[in-house]
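Participant: Read off the chains here:
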Amino acid sequence: MTQVQVTIEDLAGAPEGKVLKVVHVVGQLDETNVDEEAKQIYALLEATPQGLSLIFDFSGLEYMNSKSIGYLTDWYSKASGSGGMVVIAGARDNILDILQVVGLTQLINTYGTLEEAKLAVAQ
Amino acid sequence: MDEQGTTQSQAQAAQPVVAQPAPVAVAPVAAQPAVAPAPVVEAPKEAPTEIDIRIPTQAYFISGIRDFVVNLTKNMTGFSERWAYRFQAVVDELCNNAIEYGSAPGQFLKLTLISTKDTSLEVIVEDTGTGPKKMTAADMKNLYEERKQMMTGQYLGLRGRGLPKIVGEWTDELVFEDVETGGLRVKVKKYLRKEEDKVSSAKSDPTHLVLPG
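In order, the protein sequences belong to chains R and E.
What the first sequence shows, in this note's numbering, is residues 2 to 124, in sequence order.
What the second sequence shows, in this note's numbering, is residues 356 to 568, in sequence order.
A couple of the hints might just be wrong.
Said to hold, decoys possible - Short, incomplete list of chain E residues facing chain R, as computed with Cβ under 8 Å: (1) TYR415; (2) ILE417; (3) GLU448; (4) ASN451; (5) TYR510; (6) LEU511; (7) GLY512; (8) ARG514; (9) LYS520; (10) ILE521; (11) TRP525.
To be verified - The list that follows gives simulated cross-link-like pairs (lysine to any residue, SDA-like), each with its CA atoms no further than 20 Å apart: (12) LYS79(R) <-> GLY515(E); (13) LYS119(R) <-> LEU108(R); (14) LYS549(E) <-> ASP98(R); (15) LYS79(R) <-> GLY508(E); (16) LYS22(R) <-> GLU117(R); (17) LYS429(E) <-> ASP94(R); (18) LYS553(E) <-> ASP98(R); (19) LYS472(E) <-> PHE423(E); (20) LYS79(R) <-> TYR510(E); (21) LYS40(R) <-> LEU513(E); (22) LYS503(E) <-> VAL102(R); (23) LYS40(R) <-> ARG514(E).
What the hints assert, rightly or not - Pulled from the structure, derived: some chain E residues nowhere near chain R, Cβ distances all over 12 Å: (24) THR474; (25) ILE479; (26) PRO487; (27) ASP494; (28) GLU500; (29) GLN504; (30) ASP527; (31) GLU528; (32) PHE531; (33) ASP533; (34) GLU535; (35) LYS542.
None of these hints come from the bench; they were simulated from the model.
It should be emphasised that the depicted structure is a prediction, and the values quoted were computed from it without experimental measurement.
Just so you know, even glycine gets a beta-carbon here, dropped at the ideal spot from N, CA and C.
Just chain E, same shape as in the assembly:
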């Protein structure tokens, strides 16, 4: 008898009868500790890497610069190999223009590469404005627009493809600026937005083992 004076048999009689399913063997499940979802924290972006190169005004030196640009792009920027070769051509065209137009023999041109890994690559070429065919930023802008128009059809000319097609098509931003000291500065920038333009993670991470499917 309990404190309320009912017997066990009376209590059992008062309970509704519920059909119980036959017991089923269940594998024991280890208790999982409660885990709070990790807060979404963006990985800290690396500071841009800036490289300045001073090059004598001779085309001879540009082949070494081309090799450097390919290796830098492949290894440090997050851009794919295809883009490494594209930047090689962009830098070659810009440097050769600076040699042909902007900096006199015996002078220099300045090449700056600014890589923000997995985000963008910027190329800046600055001449001294002492060349035989010196161009202002306004001249260059007009020339660029003229050449772009020329290229709309089937263009069979000998010259004029470098700036509108190779530089223009393979970059997102193109700016011509007059330099206070009299030269011309050409700035181009390419953003790394598309997955197919990125170096594959398997290639960039030597500890990432890819197993055959």
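Bound-form chain R, shown alone:
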């Protein structure tokens, strides 16, 4: 299995009725690991059915395949459909390039740094 580490951090300072979390992803998301790692995010969405906002910290993400982009789109749909949001922070050029070619940057806001993303989500 390809190396990837997904850790979830609670973020303080969320507006009332909102839950903010940062999902740090380090390594590569590919066919060998993405189904397994996706379970963590679906568990988060189930545990917080309303107002969950997720910042995906992609500063350590080296590669993502089309299946992982599909999951990201699904998480975006579920979160934004229940009063939350999904944004991306710190993605490298090759990650932004692949998100752009599939059209995901038109749906999901991307920020250069985690701090910028936190400010945007906390508003």
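Chain R is fixed; fit chain E onto it per the hints.
Facilitator: Chain E alone, transformed into the frame defined by chain R:
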């Protein structure tokens, strides 16, 4: 007196008088040898480099292939780093499709990379046609067209982006072929035409010294 019987004073009198400008000091100029313009000769094109890889039908092996494709593209093809990562994704998607559809577990898929330096990079992925969801070339062509149509709007589905968006958008030619032995061959090719897609000459030539302006 000369042979025609005129004196020097008579000859001088016959010459029109032309006002001469004052002499100007001029720096001496070294004589330049005459050089014929060099004939325009195109540098001989390198022969294409072809690499064949036989990969067991397990996604586990594809991460190593991805690393290989990035390094090969960066160092041998003339394509920029951005394109190295794009080809990494194209190869990953094609190989995973072959594993999912075309070659049964325990079988193999064949990856061929053909680089014509500074001109094109071709990727060919061939499966054995023994997979659980075997597809013919006609099936794949139809699937590709269907998915391309799906992607025209805001697509929110879980699957289906790899072939029409990543492979289709980042290559110039895409061909599906049935293989006589029963498998499917997918051939994609990207031409290196735009300057911005090329690796910069300063980066590719370690003897090229760039001085700050």
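Participant: Hint by hint, note whether the structure agrees.
Facilitator: Going through the hints against the structure:
1. TYR415: holds, 6 Å
2. ILE417: holds, 7 Å
3. GLU448: holds, 6 Å
4. ASN451: holds, 5 Å
5. TYR510: holds, 7 Å
6. LEU511: Result: holds, 5 Å to nearest chain R Cβ.
7. GLY512: Result: holds, 7 Å to nearest chain R Cβ.
8. ARG514: Nearest chain R Cβ about 5 Å off; hint holds.
9. LYS520: holds, 5 Å
10. ILE521: Because about 6 Å separates ILE521(E) from the closest Cβ in chain R, which is inside the 8 Å limit, the hint holds.
11. TRP525: holds, 7 Å
12. LYS79(R) <-> GLY515(E): Holds, at about 19 Å.
13. LYS119(R) <-> LEU108(R): holds, 18 Å
14. LYS549(E) <-> ASP98(R): OK: LYS549(E) and ASP98(R) at ~18 Å, within 20 Å.
15. LYS79(R) <-> GLY508(E): holds, 19 Å
16. LYS22(R) <-> GLU117(R): holds, 14 Å
17. LYS429(E) <-> ASP94(R): holds, 15 Å
18. LYS553(E) <-> ASP98(R): Holds, at about 17 Å.
19. LYS472(E) <-> PHE423(E): Holds, at roughly 17 Å.
20. LYS79(R) <-> TYR510(E): holds, 14 Å
21. LYS40(R) <-> LEU513(E): holds, 14 Å
22. LYS503(E) <-> VAL102(R): With Cα atoms ~13 Å apart, LYS503(E) and VAL102(R) stay inside 20 Å; holds.
23. LYS40(R) <-> ARG514(E): holds, 17 Å
24. THR474: holds, 23 Å
25. ILE479: holds, 20 Å
26. PRO487: Label holds. Min Cβ-Cβ 16 Å, cutoff 12 Å.
27. ASP494: holds, 19 Å
28. GLU500: holds, 18 Å
29. GLN504: Consistent with the label, GLN504(E) stays out of reach of chain R, its closest Cβ about 14 Å off (over 12 Å).
30. ASP527: holds, 15 Å
31. GLU528: Its Cβ never comes within 12 Å of chain R, the nearest being 17 Å, so this holds.
32. PHE531: The assertion about PHE531(E) holds, with a minimum of 18 Å to chain R.
33. ASP533: Holds, since 24 Å exceeds 12 Å.
34. GLU535: Consistent with the label, GLU535(E) stays out of reach of chain R, its closest Cβ about 29 Å off (over 12 Å).
35. LYS542: Given a closest Cβ separation of 20 Å, the condition holds.
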